[in-house]
Amino acid sequence: MTGMMRLLRAFAWFRWRILANSVRADRRDTIEQLSRVAALVMPGLLAATSVGSVVLAIAGGWLAGWRSIVDFPSSVWILTVIRVLLLAVTGLMALAPVIVGVHGGLGRQTRLMLLPVPRAWLHLVEVVTTLLDPWAIFVLPGLLSYALGLAVAALVQPEPWVRHWALDGIIALAAGILVVGILASLAALMTFLVGWIVRDRRRGELFVIVFIIALGCAAVLPAFLSRNLGRDFAHGRRKPAASAMAWTPSDWPAWTTALPSELYAEAVVFGYDVPEAQKIWPLAMLAIEGGVLFALSAFVHGSIGQAVEGTRARRHRTMTGVVAVRLPGMWPGTSAVALAQVRTAMRSVRGRLVVFLPGPLVAMIAALFGSLNSTPGFEGIGDARGYLAFGGGLLFGLYAAQAFTMNQFASDRAGLTLEFLAPIRDVDLVRGKAVGCAVLIGAGGVLSFACAWLMAPGGSPWLWMATLAGGAATFLITSPLTALVSIVFPIAADLSKTGTAGNPHALAMAAGSIAIAGCAVPVVIALSVLPPVTACVTLTIWALASFAVCLPGLGWAAKAIRPRRENLALVAQGR
Amino acid sequence: MTTTHEPTGPAIASTNLRKSFGDFEAVAGLDLSVPRGSFYGFLGANGAGKSTTIKCLTGLMRPTAGTFRLLGLDPIAEPVAVKKRIGVVPEDLGLFDRLTGAETLSFVGQVYGLDASSLRTRSTELLEVMDLMRSANELVADYSHGMKKKMALAAALLPAPRLLFLDEPFEGVDAVASRQVKELLSEYVRHGGTIFLTSHILEIVERLCTHIGVIHRGRLVAQGSLAELRAGSPGASLEERFLELIGADAVPMLHLDWLGG
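From first to last, the protein sequence lines stand for chains A and B. Following this note's numbering, the numbering of the first sequence begins with 1 at its first residue and continues without gaps. Following this note's numbering, the numbering of the second sequence begins with 1001 at its first residue and continues without gaps.
Don't read these hints as lab results, they were simulated from the structure. For every residue, glycine included, the Cβ atom is placed at its ideal position computed from N, Cα and C. Some hints could be false.
Unchecked claim - Computed list of chain A residues with no C-beta within reach of chain B, every gap over 10 angstroms: (1) 72; (2) 84; (3) 167; (4) 344; (5) 420; (6) 421; (7) 455; (8) 530; (9) 544.
Stated by the list, open to error - Quick look at which bits of chain A chain B covers, simulated, 3 or more residues with Cβ under 8 angstroms: (10) 49-55; (11) 423-436.
Bound-form chain A, shown alone (with noise of 0.2 angstroms):
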């Protein structure tokens, strides 16, 4: 127990150094000591409002109970509410760890696997701390002040069949327990889960891409399927459920009523004619789902313990000799440093996502269009729907590859060193840089093109052409100021994080944002109003326009490294 305390004590004054030095920067200037000084300040206001939710959480709960007693139809509602928001923060408490580790938030196991703490410690520690996530704490406090409501309220009230519900009250808070002790094992195993995945920079890259790709056609989802269930509801295939008495809707699978919420609705519910000894088989599920969370969570820890940098194997490829490979057309050291940008792309995270996210979010919008094609005021959508699927696949393939447009210098990290070494002109870097992105955007583009005509291949071929031309003056427009504004506002990202570590700089971004939207808004014009062919002759016009600015745009551009390359240099290393 002293040992557990010198570790709390040890860990408090840890956090504290950490904050405190992070605002005794002598040499940084006001600007940045303010925004320091706000970054610190804002823990603090948070943690003071998260108090009083808390507070309320808990008058809440004990309200809910007492109200679920004195007045007792009001129970049935009351339990609704309950079992929504512990389905919400299930939800949550599993998904949290996820997109944390997406964004790369898990980097501290290596650290606490060095300290001088048993390992059971450890993962209890981790464990209790899931709970201090913010959803965890408004919610399950209220959830045993609801419990203690029930059953104070029981037994002050006159009536001895009432009081006998006070029974129902304890019942309802081991059932609280158990569920926070479950929510604290879920999280906990998910959180080590996929901090043990993204330990190894292959399979976690791989994990990442997967998940993003299913999150973003999981967005589209809601908006499909509401269109489907409309469309039951209409035909009458589909009726709303009977009373919200009922647990779980008749047509929803079984295995949902295994869920933490349902168990726990299951154990809380009473009334007249509820037995507590029919409660008994809900409580015993609710410890066993705790208990196995609880020791895979352990499993899983005790895994990341055994190897904490990773298992795999060094892989020996055959040497298959070193290949001069030249982009047809060019110089060759423009060339080679497009080739640089097009590889290192693809090995990272943010430049698969450039080429493989927009296609199947295509093919989801297709289908969507698809569905949309009967309803009254849409009906000439099906046939625009294969180009206008496309069209949105360009748009945001130009938009996912900001990562690299808008930070074409300091993503390289040292490999910028390597070309500023290299005897090669600053207008064949920048060149080569836009011909590497250009790449990048093009690859997903031709996916996008598969995909929406796999999906809906109908609609005219001049608008598909134009569709392409428009995409690829969009691109060409932008490029001598994505050139320029990466020049000016670098900064040290890393292209394998998906949060704020991967992005280019914030203003950049804006730029880019902002000329990407305008530089578009002619093509949707030019697409929506004109005649197909003439669309299609208009916008291969804008695009070859587009290219002859582009050129001298970049050698523009190209003049803005000199003064800054020691700055981009230093950028670029991360300094």
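Mind docking chain B on chain A? Use the hints.
Just chain B now, with coordinates in the frame of chain A:
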């Protein structure tokens, strides 16, 4: 790298080279003279200004003042021509993390304009010498620190430069690789190349270098051949002479008895 009209003069010649960061002067008026064909060891304590000097000379930093020429050429006026003739292993090694070793050499070969056949032959030989053949198709990010050092050296040597800048090339390299690298560098100098090297390992510098420059707080406190440098303190080792030149006081020897307990 063959040229028809190779300018003459020292490999490196600088006059009053300065680099300041605000009020701090990292390099305070260096007058370097590195003869062609020499193995020049540039010594200094941590923070003395060695890496900053290399960055200024190789174009990674813009000097605040002063002039300098590399292989008789002005790097400010003719940056591409100078870069074609020099190789650099910089402080950060200058490698793309997400290129493989083979792709790194391919990149360097192409930007230096090597033909496909020379690129293939030179790369294979360099990878063999550096014992990197089996790892050539792995990402540089997966290399150990020593492997990255060797890859950076291979990339610097690939275009056969006439002047090689090496910033701490032996730090983190194992004994076997260190021996290979030492032999390779000696061979390079025997063939007429010039090396400008910084290192903290004075035994290696003493064994390899023909000329020495000592920098202390941004100023050159000694420069000349190894024999000339030693002449100042006959019988002293390079380490003793170095400490004497930079005026390092003897560190008081504490007992730290508690360490044994």
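Verification of the supplied hints:
1. With a closest Cβ-Cβ approach of about 65 angstroms to chain B, residue 72 of chain A is found to remain outside the 10 angstroms limit, as its non-interface label requires.
2. Here residue 84 of chain A stays apart from chain B, with its beta-carbon at least about 45 angstroms from theirs, past the 10 angstroms limit.
3. The claim that residue 167 of chain A is not at the interface with chain B holds, since no C-beta of that chain comes within 10 angstroms of its own (minimum 62 angstroms).
4. Not every C-beta of chain B lies more than 10 angstroms from that of residue 344 of chain A, the closest at about 4 angstroms, which undercuts listing it as non-interface.
5. The beta carbon of residue 420 of chain A is not kept farther than 10 angstroms from every beta carbon of chain B, the shortest such distance being approximately 6 angstroms.
6. Listed as a non-interface residue, residue 421 of chain A fails to keep its Cβ farther than 10 angstroms from every Cβ of chain B; the least gap is roughly 5 angstroms.
7. Listed as a non-interface residue, residue 455 of chain A keeps its Cβ farther than 10 angstroms from every Cβ of chain B; the least gap is roughly 33 angstroms.
8. Consistency note on residue 530 of chain A: stated as away from chain B, and its beta-carbon is indeed over 10 angstroms from all of that chain's, at 43 angstroms minimum.
9. No beta-carbon of chain B is positioned within 10 angstroms of the beta-carbon of residue 544 of chain A; the least distance is around 29 angstroms.
10. For the segment 49-55 of chain A, the stated coverage by chain B is violated: 0 residues have a C-beta nearer than 8 angstroms to a C-beta of that chain, whereas at least 3 were required.
11. Remark: the segment 423-436 of chain A is confirmed as covered by chain B, as 3 of its residues place a Cβ nearer than 8 angstroms to a Cβ of that chain, reaching the required three.
This entry does not satisfy hints 4, 5, 6, 10, going by the numbered hints stated previously.
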